[in-house]
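**Q** Sequence:
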Amino acid sequence: MSEYLVIVESPAKAKTIERYLGKKYKVKASMGHVRDLPKSQMGVYTEDNFKPKYITIRGKGDVLKDLRKAAKKAKKVYLAADPDREGEAIAWHLAHALNVDENSKCRVVFNEITKDAIKESFKNPRTIDTDLVDAQQARRILDRLVGYNISPLLWKKVKKGLSAGRVQSVALKMITDREKEIENFKPEEYWSIEGHFQKDEESFQGAFYGLNGKKQELKSEDDVKKVINSLNEKKFSVDKVNRRERKRNPAKPFITSSIQQEAARKLNFRAKKTMMVAQQLYEGIDLGKKAGGITGLITYMRTDSTRISNTAKEEAETYIEDKYGKEYLGTNKQSKQQEGSQDAHEAVRPTSTLRDPKSLKPILSRDQYRLYKLIWERFLASQMAPAVMDTMTVHLLNNDVEFRATGSKVKFKGFMKVYIEGTDDSKKEEDKFLPDLKEGMEVEAKEIIPNQHFTQPPPRFTEARLVRTMEELGIGRPSTYAPTLDTIQRRGYASIDNKRFIPTELGTIVHELVEEFFPEIINVEFTVKMESDLDSIEDGQIQWVKIIDDFYQDFSKRLETAEEEMEKIEIRDEPAGITCENCEHEMVYKMGRYGKFLACSNFPECRNTKPILKEIGVKCPKCEEGNVVERKSKKRRTFYGCDRFPECDFVSWDKPIARPCPKCESLLVEKKSKKQTQIQCTNCDYKEKTQD
1 MSEYLVIVES PAKAKTIERY LGKKYKVKAS MGHVRDLPKS QMGVYTEDNF KPKYITIRGK
61 GDVLKDLRKA AKKAKKVYLA ADPDREGEAI AWHLAHALNV DENSKCRVVF NEITKDAIKE
121 SFKNPRTIDT DLVDAQQARR ILDRLVGYNI SPLLWKKVKK GLSAGRVQSV ALKMITDREK
181 EIENFKPEEY WSIEGHFQKD EESFQGAFYG LNGKKQELKS EDDVKKVINS LNEKKFSVDK
241 VNRRERKRNP AKPFITSSIQ QEAARKLNFR AKKTMMVAQQ LYEGIDLGKK AGGITGLITY
301 MRTDSTRISN TAKEEAETYI EDKYGKEYLG TNKQSKQQEG SQDAHEAVRP TSTLRDPKSL
361 KPILSRDQYR LYKLIWERFL ASQMAPAVMD TMTVHLLNND VEFRATGSKV KFKGFMKVYI
421 EGTDDSKKEE DKFLPDLKEG MEVEAKEIIP NQHFTQPPPR FTEARLVRTM EELGIGRPST
481 YAPTLDTIQR RGYASIDNKR FIPTELGTIV HELVEEFFPE IINVEFTVKM ESDLDSIEDG
541 QIQWVKIIDD FYQDFSKRLE TAEEEMEKIE IRDEPAGITC ENCEHEMVYK MGRYGKFLAC
601 SNFPECRNTK PILKEIGVKC PKCEEGNVVE RKSKKRRTFY GCDRFPECDF VSWDKPIARP
661 CPKCESLLVE KKSKKQTQIQ CTNCDYKEKT QD
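With full-length UniProt numbering as the guide, the letters of the sequence shown map in order to residues 1 to 692.
FYI, nobody ran anything at the bench for these hints, they're computed from the structure.
Treat the hints with care, since some could be wrong.
[What the hints assert, rightly or not] Here are the simulated lysine to aspartate or glutamate pairs, DMTMM-like style, with alpha carbons at most 25 Å apart:
(1) 156 with 625
(2) 289 with 367
(3) 105 with 129
(4) 409 with 129
Please build the complete structure, drawing on both the sequences and the hints.
**A** Printed below as a string of structure tokens:
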């Protein structure tokens with residue numbers, strides 16, 4: 001019989017840990033939280049020091065019953081939820097539900113699910129950290145007070161189903177403010193002059209810098225003409241050559257926000273997907289009996305610390321020296337933590353550098369492999385030597401007109417042999433070589449090309465850029481980024497177009513109402529201070545009731561004002577320009593959980609609805625009667641199907657082409673990858689590349 005009961009959140013985690021601990025331990029899963037505030041009511045007694053009313057979560061009754069039964073039989077109960085505020089709160093709720101003394105050494109935490117880490121953590125159990133619990137409880141109550149007071153107001157004044165969360169409202173403000181910037185942006189004209197130069201057989205490019213040794217902007221075509229007219233033929237002399245060696249340091253190991261950003265850039269993953277796949281890698285993958293069975297492949301993925309353990313450093317050093325040589329070893333200085341980071345545990349890294357991605361590829365799913373490879377390469381590169389670049393800047397003169405050409409090449413790859421951090425810019429970094437030029441030499445300008453430009457508005461936020469901005473401003477914490485972005489989209493406050501957020505009419509209305517009546521909720525400085533206050537609660541410096549009370553005094557007054565002064569807003573449905581085939585009333589566009597759809601304006605008398613179909617100009621290859629249309633799956637993935645569905649069940653993830661295969665007359669489809677787009681036949685081996 002098992003003497004000890006260990007409770008974790010998920011069955012996958014339970015299975016992994018039980019194997020490490022042996023027969024004396026029984027590991028069960030709570031499936032996350034077992035108690036929470038009720039969904040049907042506020043659940044916070046504002047007149048009694050904001051005392052929360054916790055109830056068993058619906059559907060968790062049987063789970064709790066099973067855990068109580070196991071706890072009664074056990075000699076001791078260990079609570080091993082995740083090593084963060086949320087995990088500490090889960091442990092605290094379990095202690096209360098199972099009558100476990102929270103002051104006993106019942107809490108076990110580990111940053112990675114490996115045999116050594118698990119065994120070490122069970123040697124050093126601790127009491128439940130009530131300061132951590134209070135910080136989580138304060139956030140939960142604060143968010144409940146905001147959400148359950150403002151949301152009903154929005155239902156009454158605008159439409160049912162709306163919400164206005166604390167962090168969510170700030171993120172929505174950032175999206176709508178950016179849209180206003182774009183709408184109000186006035187482009188300004190500017191010019192550049194490009195020079196194509198030749199020295200002997202070698203050609204290179206440079207750009208206009210200025211006149212008489214001073215940098216000059218070109219604001220109009222007249223400015224350009226003056227420069228070009230002042231050139232004395234096309235002979236330029238090399239006035240100055242600057243050569244220097246530049247070091248480029250590797251990126252730090254991943255934290256929650258940076259892994260979400262990089263996975264978006266390199267893997268095209270949404271924030272939610274990144275965290276889901278990372279959770280699988282953290283909780284454990286079955287590597288087979290010879291490789292140790294179920295093993296956690298990465299450390300805990302909700303962190304804002306770039307710190308790594310000495311053991312992980314030493315293992316990485318050994319691997320780098322054996323694989324690449326001693327010259328590729330980094331200095332291994334401890335990275336400076338970002339201001340405001342909790343530094344509760346390590347960066348996101350592989351639990352063992354020796355498990356290289358190639359060896360795990362046959363075992364992992366495609367998404368697991370790609371994310372693990374990213375984490376492994378980033379960590380290994382962070383422990384490697386800087387890259388060394390040779391750079392060269394050449395100053396070219398012609399009658400006091402100065403052009404400059406720059407070039408660089410990699411002298412020593414260093415960390416770049418393994419990994420290079422992605423950027424939000426689509427431009428690829430490449431070596432730019434210049435001829436071996438010396439001062440006094442003469443070069444010839446083969447072409448002088450003026451180019452007109454206009455300043456561009458700031459870009460809309462991608463998920464990666466929004467997460468990065470939230471992190472830089474100190475809004476939210478690692479565990480909140482992905483759920484916040486998901487909520488904004490599910491509520492219909494913003495849509496994604498070309499991977500960028502665009503606020504909807506509904507989102508703009510909600511933002512403007514919150515901004516007018518609850519300005520502190522969307523005030524960035526206020527939100528950052530609130531995060532800082534929550535950290536102070538966690539550190540035991542301040543009582544959570546005081547933080548909530550200070551906030552609620554002003555908030556409750558604003559609620560009363562909003563109740564009286566907020567005008568009712570009617571959002572009229574946009575006509576679709578077609579009639580309902582059932583009752584001949586006009587069809588209108590509606591916003592649902594999965595985006596826009598068509599519905600009859602005669603609702604509720606007529607409940608006819610249909611998806612919005614976008615024709616692509618291709619006849620259905622299966623029934624030859626219908627047309628192929630673009631559709632969206634529940635996960636918002638684009639696919640193609642016949643508009644006669646369900647009569648015709650033709651579907652394709654790849655976009656069909658409006659011409660047959662020249663080889664066998666079958667259907668051609670467009671296959672897209674990150675590197676290229678290719679047209680290929682669905683029946684034979686015919687392929688053709690498309691022009692970018």
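**Q** Hint by hint, note whether the structure agrees.
**A** Results for each hint:
1. 156 with 625: With a Cα-Cα distance of about 47 Å, the restraint between residue 156 and residue 625 is violated, given a limit of 25 Å.
2. 289 with 367: holds (23 Å)
3. 105 with 129: Holds: residue 105 and residue 129 sit about 11 Å apart, inside 25 Å.
4. 409 with 129: It is violated: about 53 Å lies between the C-alpha atoms, which goes past 25 Å.
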